[in-house]
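Going down the list, the sequences are from chains C and E.
Per the numbering used here, the very first residue in the first sequence carries number 996; after that it's consecutive.
Per the numbering used here, the very first residue in the second sequence carries number -15; after that it's consecutive.
It is possible that part of the hints are untrue.
Quick list of the computed label-pair ranges, beta carbon to beta carbon [to be verified]:
1. C:Pro1227 x E:Tyr159: 30 to 38 Å
2. E:Lys195 x C:Phe1470: 31 to 39 Å
3. C:Ile1044 x E:Ala139: 26 to 34 Å
4. C:Pro1360 x E:Met(-15): 30 to 38 Å
5. C:Ser1195 x E:Arg204: 29 to 37 Å
6. C:Leu1106 x E:Asn277: 45 to 53 Å
7. E:Ile88 x C:Ile1079: 32 to 40 Å
8. C:Asp1521 x E:Met(-15): 54 to 62 Å
9. E:Gln120 x C:Pro1227: 52 to 60 Å
10. C:Arg1110 x E:Tyr159: 14 to 22 Å
Rather than coming from a laboratory, the hints here were simulated on the basis of the structure.
No residue lacks a Cβ here, since even glycine has one placed at the ideal position from N, Cα and C.
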Amino acid sequence: MTTVDDRPAAPPAGAPRRRVNPALALLRNSWRQLTSMRTALILLFLLAIAAIPGSVLPQRGVNPEKVNEYFVDHPDLAPRLDQIGMFEVFGSVWFSAIYLLLFTSLVGCILPRARDHVRALRMRPPAAPKRLERLPQHAVLEAPAAADPEAIAAVLRRRRWRVTVRGNEVSAEKGYLKETGNLLFHVSLVAVLLGVALGSWYGWHGNRILVSGADNAFCNTRQQYAEASLGPRVDSADLPPFCLTLDKFEADYLASGQASRYWATVRVDQPDGSTRTAGFSVNSPLRLGSANVYLLGNGYAPILKYTDKYGRTQTSTAPFLRTGDANATEEGVAAFPDANVDPKTGQRAADQQVAFDGLYLPTAPDSAPFVASQFPAERNPAVVLAAYRGNLGLDAGIPGSVYQLDQRQISSGKLKQIGDKKLGLGEKWTLDDGSTLEFVGTQPYITISVRHAPGQTMMLVACATLLLGLMGSLFARRRRVWFRVTPPASGSPTSGSSLVEAGGLPRTEHPGFADEFAQLVAAVGDDGRDDQRAREGDE
Amino acid sequence: MSALSDQLVTFAILAYLVAMISHAVEYALGNARKVAVAAPARELVGAGVGGPGGTVEEPATPATAAATRAERSAARAALAGRIAAWITALAAALHLGAVVTRGIAAERMPWGNMYEFVLTVTWIGAAAWLVVLWKQPSLRRLGLFLTLVMVLLLAFAELKLYVQVVPLMPALQSYWFIIHVSTIIFASGIFLLGVVPAVAYLMRAGWERGKRSFPYTLARRLPAAAGLERLTFTLHAFAFPIFTFAVIAGAIWAEAAWGRAWGWDPKETWAFISWVVYAGYLHARATPSVKRNVATWIAVVGFLTMLMNLFGVNFFFTGLHSYAGVN
Ligand code: HEM
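With the rest of the complex left out, here is chain C (with noise of 0.2 Å):
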């Protein structure tokens, strides 16, 4: 998977032992390129810059409906666009290339700085400079109340600084949580992206509508999904059967109609055959263990009622789908392909099937024109219907919306309009040949996400890890200190007149230093009796 795999480097095994093998320092020299800040930082602004035409240009994977549409406007560019992936940019082969380049780069900066760090957290701080006056701290004690060094240390100590002592040196460190925490950043990024990875290969989901009632209960199979898309290494065997039926849905709207609240009641089947009763709304979706259900959208199925000319009855309760106004007017298709089969021969009749197309508006406005609803709660529901009569075109083969009515039929004069009308609810339609339409009710529906997202575990914890990891690595600081103790000076007559040394080195910027070394040194100064009179304090 690395770079360093696509390099065209000779193969190893024959090339003459030499001191210097050329494809092997290029190998080094390139690895060691890769694995620099420098390519990190450059692959960094690449992966920005290359996300930006995702957001810029409709994306498949987002909005699909926008992607058909950019074609339709730009059907010179968009192909060219198409080809290059710009309308699926987080798959492609570019934008996969860029963080796989940044991840083994991460991942090669990872290891080495890994093992020195263990490394340096097992040894011992190191010995101090022969001149501590030439650190950027630097003090002299004299005749301090913590005068021999394992007194020094033991101040240190409880200041939780890692101290040694070797001789009448003590050596000092601290701050080691601010590689730590650097490495667990990120090496938490790379586990997030693992949960990338899981989530992609062994995820589905499905989008659809459910009609309420218990004759649109819906069970979890493909094809009973309008969209549905299926991780690598899923199998349409392995989705968990089970079964949903909406039971209930109630939306709440304020004044202005807006929404305020709306929730979903539905009954689940359960693989095991036990079932219950659950609610789930925007923001609580229901979890159902091995999928969770999701409420993205809700609207009205029209019921529509239509006795052919021949007497016999059929009902609709196709969606009709939101147009996207505030208000929840909605428009779809009444199809009636079975319609005037003559009951005499039980001949399907190819040019007398039927299908009403329109609008349906919760609440109608009491005058023409009857173009949009005024209201998202059914106040007072109609239909506006156009009734077609005709060849629907659904022979053809060619797969078609159930949204709408096919466009080439009309066009080639194959299925005819031959009225319109407004309905209210109850209201009946007689047509030119007897045949009648009523518009009976309507069923509430919601649109639902089913979704299946395995590696989300991973990367929630990935991502508490990451912060703490960001927070040490941010706010930590890794800094040095040394005492260095001068006995007093032979054929001195007191004993306490001991000379002590310090030095200070911050090792990443800390403007704070100066401050905590002093402390340290006045603390030296009276034997850490500072500290436990601030502990005391404390109690």
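Chain C is fixed; fit chain E with the ligand onto it per the hints.
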């Protein structure tokens, strides 16, 4: 309540404007560091209040006269600067009042649309600035740029983004709304403040390198470049983990609300871009071979991507995040 909020916003803008003018006076009058050396603050107040023509003095030698004059104008500058800082604090108090009353009027956290979002982000920026000022008074002259940014953003919000108070749509009624949006706002406010020393640093560093052309000349009286650069880093290092948390919280919320944690919706894409750019800044700053001004430029680009996310995405693209209340 909502009318009160609107009035408070107007007053806050005016107050920032006055603070800006006062900072500009400070800027025009003299050099802060000389003042600091010249005399302690207390005495300078008196000197400034004395005003022109207040005292008659006999010029001793031309040199001392010039020195006194310089000292005097420096003293006035310091006074103007301190007044500016206090007015900024007053403006921030009014601004906070506007945010709070807006929230009371809406009976929810006031972060439901772009207007409220900008209102709160700018307040965070102003409040954080006061904290910075408290800790490092020597950076006060940056206030000129900060108040300018405040006036511009708030005026833009008033004129272009303003919407009436409305309740939240169901998609936003979740405690993740508070967690995600409050942290986004907090981080954005700090990033907003962070871009001020970043730009100031870029100008000042140019000035210190001897550039004397237009934008650099503005930096003549700015605090030293090194301090500006350090402040830039401190602010970004502080904001970045919060921003990271906010994006993660957004993903957790998105999982519950839309059924997927990450779907490359335009706002998510730009959040990703900002995150990557800021991560790039932190990397660049930690790499010795990358020059400090290059790193700082990255921080500025990071802020531009945040602006793009706020304004660009809300105005140009439609995504699931269509809560901005602008059409
Ligand atoms: C993957 C998940 C998410 C990411 C990365 C994300 C990212 C962001 C970012 C960067 C901002 C601030 C910039 C701006 O507003 O222009 C923001 C604001 C906001 N987000 Fe999200 N978000 C996520 C999920 C969500 C979800 C699930 C919701 C609500 C259902 C939501 C609602 C909001 C709101 C209300 C604002 C502030 C108001 C506004 O911009 O108009 N976000 N988000």
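Cross-check of the supplied hints:
Range check, C:Pro1227 to E:Tyr159: Cβ separation about 36 Å, and the 30 to 38 Å hint holds. Between E:Lys195 and C:Phe1470 the beta carbon distance is about 35 Å. The supplied range of 31 to 39 Å therefore holds. Between C:Ile1044 and E:Ala139 the C-beta distance comes to about 32 Å, which sits within the given range of 26 to 34 Å. Separation of C:Pro1360 from E:Met(-15) is about 35 Å and conforms to the stated range, judged on CB atoms against 30 to 38 Å.
One distance hint, 29 to 37 Å for the beta-carbon pair C:Ser1195 and E:Arg204, is violated here, with the actual separation near 55 Å. Range check, C:Leu1106 to E:Asn277: Cβ separation about 32 Å, and the 45 to 53 Å hint is violated. Between E:Ile88 and C:Ile1079 the CB atoms are about 52 Å apart, so this pair departs from the stated range of 32 to 40 Å. Taking the beta carbon of each, C:Asp1521 and E:Met(-15) are about 58 Å apart, inside 54 to 62 Å as hinted.
For E:Gln120 and C:Pro1227, the Cβ-Cβ distance of about 56 Å falls inside the hinted range of 52 to 60 Å, so the restraint holds. Between C:Arg1110 and E:Tyr159, the C-beta spacing of about 43 Å breaks the proposed range 14 to 22 Å.
Consistency note: the structure conflicts with the earlier hints numbered 5, 6, 7 and 10.
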